[in-house]
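> Sequence:
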Amino acid sequence: MISSFHIAFCYQTHKVSTNTVGKDSSSSSIEIMMTACAAVFICVVALSGSIATGSSELHTDEHEMILKGRALLQSPAPAPQPAGNCTFFNRTICLNPILNPAGGIDCCAGKCVNLATDNNNCLLCGNKCPTGTTCCSSFCLNLQNNSFNCGRCGLVCPFRIIPFLPLFPGRCENGVCV
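In the UniProt record's numbering, the protein residues as written are 1 to 178.
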């Protein structure tokens, strides 16, 4: 339900924008359009809070809206949730170091994971790396024989110099550069 505050707010905003347009003949049409768009935007945002909640009250515990300055409308931060409760719609929980100290930035099956390093979700949710491989930079790699990831992700074996031939990467055997 729309409160009388919302109606009065939108009326005053519309009144100010139309009075400004009428009094300043030197205003360009772009400035006039920007003023009108800003007024409409403010009204839509102000009204959407009460329409979405079905409440006629401006201040409620769950959906308190705070007006800062003339055009800044802000809602409070969502209530803290455990890191294991991420969904498609609240994936930002994974980016919060307080709620998710483990640091996974992607959401798979309700858990925050890192798709670049998680062996059970490598590159894509549910993509398991085969036995004997490790997820490095979103690829399942065998660290026992990979010259660019030897023994651990990112460890590159030194290049070998062979006269008159291009550089060759060093070899990796059993997770050790040789």
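These aren't lab readings, by the way, just hints derived from the structure by calculation.
A portion of the hints provided could be inaccurate.
[Unchecked claim] What follows is a list of derived Cβ distance ranges for each label pair:
| id | residue 1 | residue 2 | range |
| --- | --- | --- | --- |
| 1 | 89 | 161 | 34 to 42 Å |
| 2 | 174 | 137 | 30 to 38 Å |
| 3 | 167 | 97 | 38 to 46 Å |
| 4 | 109 | 169 | 35 to 43 Å |
| 5 | 166 | 105 | 17 to 25 Å |
| 6 | 95 | 162 | 23 to 31 Å |
Note that the coordinates shown come from a computational prediction; the quantities given were computed from them, not determined experimentally.
Ideal placement from N, C-alpha and C gives every residue a C-beta, glycine not left out.
> Against the structure shown, which of the earlier numbered hints fail to hold, in ascending order?
Of the numbered hints, 1, 2, 5, 6 do not hold.
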